[in-house]
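Protein chains: 6
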Amino acid sequence: MFSTADLIPLRPFLGSVREAETAKLILFGCPFDGTCSYRPGARFGPAAVREVSDALETYCPVLKADLEEVPFFDAGDLNMPPGDVRGSLDMAYRMAAAVYSNRQIPAAIGGEHLISLPLVRAALESEPDLVIVHFDAHFDLRNQYLGVELSHATVLRRIVDLFKPSRILHVGQRSGVREEFTETELQANFYPATTEPDWISKWIGDRPVYVTVDLDVLDPSIFPGTGTPEPGGVSFTTLQNWIAGLATCRWVGWDVVELSPTYDPTGVSSIVAAKIVRTMVLASLSGCR
Amino acid sequence: MFSTADLIPLRPFLGSVREAETAKLILFGCPFDGTCSYRPGARFGPAAVREVSDALETYCPVLKADLEEVPFFDAGDLNMPPGDVRGSLDMAYRMAAAVYSNRQIPAAIGGEHLISLPLVRAALESEPDLVIVHFDAHFDLRNQYLGVELSHATVLRRIVDLFKPSRILHVGQRSGVREEFTETELQANFYPATTEPDWISKWIGDRPVYVTVDLDVLDPSIFPGTGTPEPGGVSFTTLQNWIAGLATCRWVGWDVVELSPTYDPTGVSSIVAAKIVRTMVLASLSGCR
Amino acid sequence: MFSTADLIPLRPFLGSVREAETAKLILFGCPFDGTCSYRPGARFGPAAVREVSDALETYCPVLKADLEEVPFFDAGDLNMPPGDVRGSLDMAYRMAAAVYSNRQIPAAIGGEHLISLPLVRAALESEPDLVIVHFDAHFDLRNQYLGVELSHATVLRRIVDLFKPSRILHVGQRSGVREEFTETELQANFYPATTEPDWISKWIGDRPVYVTVDLDVLDPSIFPGTGTPEPGGVSFTTLQNWIAGLATCRWVGWDVVELSPTYDPTGVSSIVAAKIVRTMVLASLSGCR
Amino acid sequence: MFSTADLIPLRPFLGSVREAETAKLILFGCPFDGTCSYRPGARFGPAAVREVSDALETYCPVLKADLEEVPFFDAGDLNMPPGDVRGSLDMAYRMAAAVYSNRQIPAAIGGEHLISLPLVRAALESEPDLVIVHFDAHFDLRNQYLGVELSHATVLRRIVDLFKPSRILHVGQRSGVREEFTETELQANFYPATTEPDWISKWIGDRPVYVTVDLDVLDPSIFPGTGTPEPGGVSFTTLQNWIAGLATCRWVGWDVVELSPTYDPTGVSSIVAAKIVRTMVLASLSGCR
Amino acid sequence: MFSTADLIPLRPFLGSVREAETAKLILFGCPFDGTCSYRPGARFGPAAVREVSDALETYCPVLKADLEEVPFFDAGDLNMPPGDVRGSLDMAYRMAAAVYSNRQIPAAIGGEHLISLPLVRAALESEPDLVIVHFDAHFDLRNQYLGVELSHATVLRRIVDLFKPSRILHVGQRSGVREEFTETELQANFYPATTEPDWISKWIGDRPVYVTVDLDVLDPSIFPGTGTPEPGGVSFTTLQNWIAGLATCRWVGWDVVELSPTYDPTGVSSIVAAKIVRTMVLASLSGCR
Amino acid sequence: MFSTADLIPLRPFLGSVREAETAKLILFGCPFDGTCSYRPGARFGPAAVREVSDALETYCPVLKADLEEVPFFDAGDLNMPPGDVRGSLDMAYRMAAAVYSNRQIPAAIGGEHLISLPLVRAALESEPDLVIVHFDAHFDLRNQYLGVELSHATVLRRIVDLFKPSRILHVGQRSGVREEFTETELQANFYPATTEPDWISKWIGDRPVYVTVDLDVLDPSIFPGTGTPEPGGVSFTTLQNWIAGLATCRWVGWDVVELSPTYDPTGVSSIVAAKIVRTMVLASLSGCR
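Chains as they are written, first to last, in the working numbering: chain U, 1 to 289; chain L, 1 to 289; chain E, 1 to 289; chain Z, 1 to 289; chain S, 1 to 289; chain B, 1 to 289.
For the record, the hints were derived by calculation from the structure and aren't laboratory data. Some hints here could point you the wrong way.
Not the full set, but computed from the structure, chain B residues with beta-carbon under 10 angstroms of chain S [to be verified]:
1) G76
2) R94
3) K202
Residues of chain U placed beyond 10 angstroms of chain L at every Cβ, according to the derived structure [as the list claims (entries may be wrong)]:
4) Y38
5) A55
6) E57
7) D66
8) P81
9) A97
10) A98
11) R158
12) F163
13) F181
14) N189
15) T195
16) S201
17) T266
C-beta atoms are modelled at their ideal positions from N, C-alpha and C, and glycine is treated no differently.
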């Protein structure tokens, strides 16, 4: 079992089982927003997702599946120290590695996108043949942001430092510097918002997959509660279908990041995030039902 | 004429005539939210709809009709007592029955969805051959919610207690427990969000119809101001066209429910609700022009 | 030990011990707002208080005491059914009675003020010689509100039905009908906002005391997040000193009610409520240190 | 009777009588904010005051009086045209003059402070020996604001154009250009926030008085919902006592201005304004009880 | 060079050059909302657009162009006096005329729509063969609004007073009085929301064009921050493509109006407006790259 | 003159002179919130203060002084990189040192409190005999926060590392761990909220003084817009008088920190901050008039 020394207990996500041992997937929160370039507040994302999850149903009519049929455990939030970027990332790495050592799937709720870096690193150590699907409004492929190398605006570039761009599929990007759109040495697989669900699962094939969902891939009309909202995004239904279309794939790990409840006065963004987390839990555990 | 003892005077809805006697339709508010399972506040819906109605035009380019051409009267709000569910529902029943006894059409602004129960009961007594069209994100077909039988989450089930499921058409549902989606003894006619306007009026045919609009059928991007927002809903244009498509039907009564201005910091949800009420008034009185 | 069947687990209040058995005081939430006459939302009070408690310190410089020195346990929230007033009150009664049977002090976070009725009833059964101190902007001494007898506007009247008005001390009231201010058969002890802390503890003497704090006794400048804000109230410091002044009394039970986070866009009302709860825990357990 | 051609019907203020003829005071709204120098929105003030008045009690424990004992009539709002400053002011003048011709007291809810100019003009024509008490954070004694002579920042200067500065008492001012504080030809009677209630009524003596309350005299902690909030103001209790202290004076007319509900997310500013209006109605009609 | 006497310095829009002389386009703000019929606040639009522009990228993937490649200068805001409609409009006229005299393109950020009147007048004097493309939810073709001729609800009518309706193309209108939809002497070219980008540029041909964008043409789901939100509008992508489709036209001037940040609690409306301004700058200067 | 390479131009604070050379005081913003323990958002403080400063008067009736009489220059904001704590602090240090080398007074607008550390370091190098006056709700004297040594919760401890506790005067503290209240080796001079203005200037005497104002010393009723609001604080008038009482002292530098406009929906906190900055400018330059 993973260590709980750094974990804060919270109201568990809707449908969580009571004991970690029997679970196939371990959900945990990463309340970190230390490198946000525009609007901070993603640290409050994990708590908000749990709080509103109670207003959802456990049944998903798209996947025709129910949270009560799949064994996942909500471990709470990592107690990440404000102002310590490397310490926070290391905490996420150790958590994911501990989950892998238990032969369980780690699944993280952000927090900002930079937390994907240690999680992908742990996933790679567990599954060297990994591919990544990256839903996002941005590529996050800059080398630096105001001179800083570890930033939510550079996280995919740091991941590209770990392995080949051709093993990453970018979906939904609509903003960036010119190079991010054009340099194939940085990004080799870019499929904009009209991508069909089937296309993505075909690209994955039978390779193990890590899925990272930056929720700002959604249009700000339905998801204003995020740090860098980018008009022109996809609808909730599109994203839900993209994820549901991956139910047949072999999942290694996943994260859902960049909910900032601070900018969500109606509470709708938190509900959207919770419903996406529900879809991710069901899709990644569809082999367990 | 109906009794006004329980009515609170309010700024009348845009285009209301000055005298109740000459009206063909009586609009009234039901400021009740006593059984909301998640976020209350629908009690403030009726006042908000009137307040913003002044910002609308009386003319509707979709129906090519004008509120000044149809005689409806805004009677104000029922003075429903907080904490008394049965007393509040009974007040709505007596109001609707009084309107029917004057050979007028009752039209209610909610408040939460449970108010449809007494209104449908009064409508059934007036028109035993009634059918119901139910626009909603949810089926509301549970038998109980935390042991409570009279709840906004059970209102259609209580209506099903009154007559056959086959006389109810559900449109737009996208959330619920598994049984609500699959048991045809509970719901026999379910048409999801892609339903064409024509289809609905054909299903009705020449039967008298009661239309209940739970505004959470709309996507929360355009209608966040509601108690249980459900991502993945229809656009304003879709709902407006669905309702406009019923202009040729014979209307017996209607309600528009679940606006909660408390969760509408931009005021857009109230404007949406007022524009839907305008469409409902014009569609239900299209024979009068 | 009390039954946990009806309890929802939540992030525990700052400084809660891990095990109920060793605690001297059991804290629980009553997320109920079924009879609010104006603005609902108090159901979200208990969760908000816990969530922000993490931003407080455990040490209180006024009482010179620390939460880590007093053994209290946060049991979570009662799972109260919306729309069922009597069922909800009964659930609170059974919880308090179970706590008394364990020789512990029950302490409730509201929710609306009506929850004090079952809690006082349980306290009376445990301590028949009880007196009550009632901090509030309102007397809540009406016999009915719109014909309803069980209401947050009548809760003290229902308590007066249980025993003599002379055993209740009203502090801070500044709004009501004329009779509430003038009829001594209803209220015999009314001390407005200038009351000194010492005065209250002298009035109590060595009698066992139940303390009910309707947070709207505070001025809405510091506490806007409540259902019926009443301008002209006391400062946070005044209320804190009033409560701290009771540290030498013998406490039987207490509640802190009427936080409605829905009307608290800055989060300050929740922080105020949490700091008052901290003061109540420390004052009521001051004998334990 | 005054003409109602320009009046918009609204939910009447709490306790309003049903018929204008029998009333001693006519309340009306002036939804005008055409010259606001910083934040507009005062046009929504009159409607907000009525809407929340329902949450008040009719009884005032400070004046020991009840709205149901004094005959006042709420006539609704003047239909002032946006963009037409002079037309709007003229409409207010005609309304007040009509009320005076009926031997009733006009009482206006703003809207911005410039509406006091036509109201004072009408009052002067009715009572040439008038004095004015001016509660405000600002003197409003500039001659121009960005070259504009008719502005909420110049309204008292325009009133000074009508008669002698010595007949105006300024109370609560704490912001302005140097001249407003020092030139006695502009302002002869300035009494800052520590003024005692008695002092003001003594200054008035038996002269007929017009009272204008710019609500920004209050501290923004209790009254943020205004166009130019000015930290350092008086408490609600202070202002309430100042007004209550005028109950023995002979009132000719009054206004309460500069509530902007747009900047009042908690609703407290509107409640404060309504409670001040209640106090003004009771104080100005205290001779009627 | 234009006079800067009336200009307020502000954080310049993202990518503005440092010196006005070398620029081909002069951007300036018109913080005016003196005739808004419903919700004011557009005066704060220009500052908000600049403030959030920093969160954008300079590169636009739709136009494949970058702000750093086109020379435009942000001159700040005109210091328009509240309460003086004609003075404010005249200030805008003089600014635009000065820019034309420098052979530069004036581009204004509103502010309310009435500011288009003086800007179009200056454009006509510079280019008598002008045509106008008018993106808007409303026609703004009324002759008066509550008796007022200069109003944001009449601005196109006042423009029609200047030249022939056939030289104006209306796009996106969905609200108005019946005459605005039907009288071809008022509006001769009305193309609703399904208009293709190509269609518009074909209609323009090689005629010089002034483009006025009332941002309420967008659906309020993505753009709630405006004075008269109108459900049923177009998506951000649609509007962006419409504007991008005009990159090949000959631009004479343009404005983007009716952002009211007061009603934009999430900040998304301001971001949308800034991204539309970016698109307008790039499209109108596409000949310069 | 200081280098402007790292400076972002912004609307200058009300009354700023146009040229840096002639100024006696250089104002600059530090938009940094990288170590906030609870609610981030202070990065937006400097821009908000400038934006609302325009709504103030240049004249201060408390100090009987006018901003137009004192030469200060607003240099804009430092371009601090998110995620790089040490880099951001170093940027502030270099700015302050450059200002001292020009024989001007540096004055910073935060941003979070940690920015005081490099500013005090630069001040000490310029004036080794410095004393510090520290207005704050918290002592900020912890050695670590979750293991982090550079934090807004430890900033005074890091300053204590630089020189003796006896040279620091703490005013207004009301929250902390027990040691911060009791260990005189950490804090030797603690004067709670009842401190008289005169007392502070007497304590300073003729020693050069650096003044750091953490705005959360104010009560959250008047200043909710901050990261860690602490009920029970002082009024605006109290803080203003404290600062005004220092007008006779010899100022070496100052900062005003911890405004977070994100939690200030009414805008009042920003206005309060701007008025405090006005008072600080006038008090620190009172020798120049």
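Against the structure, the hints:
1. G76: B/G76 check passes; min Cβ-Cβ to chain S is 9 angstroms, inside 10 angstroms.
2. R94: For B/R94, the interface hint is violated, since the closest Cβ of chain S sits about 22 angstroms away, which is over 10 angstroms.
3. K202: violated, 42 angstroms
4. Y38: holds, 21 angstroms
5. A55: Violated: least Cβ distance 5 angstroms, not greater than 10 angstroms.
6. E57: Answer for U/E57: violated, closest chain L Cβ roughly 6 angstroms.
7. D66: violated, 7 angstroms
8. P81: holds, 33 angstroms
9. A97: holds, 34 angstroms
10. A98: holds, 33 angstroms
11. R158: It holds; U/R158 is separated from chain L by about 31 angstroms at its closest Cβ, greater than 10 angstroms.
12. F163: holds, 34 angstroms
13. F181: holds, 27 angstroms
14. N189: holds, 27 angstroms
15. T195: holds, 18 angstroms
16. S201: holds, 21 angstroms
17. T266: Given that some Cβ of chain L is not farther than 10 angstroms from that of U/T266, nearest at about 4 angstroms, it is violated.
Going through the hint list in order, the structure does not satisfy hints 2, 3, 5, 6, 7 and 17.
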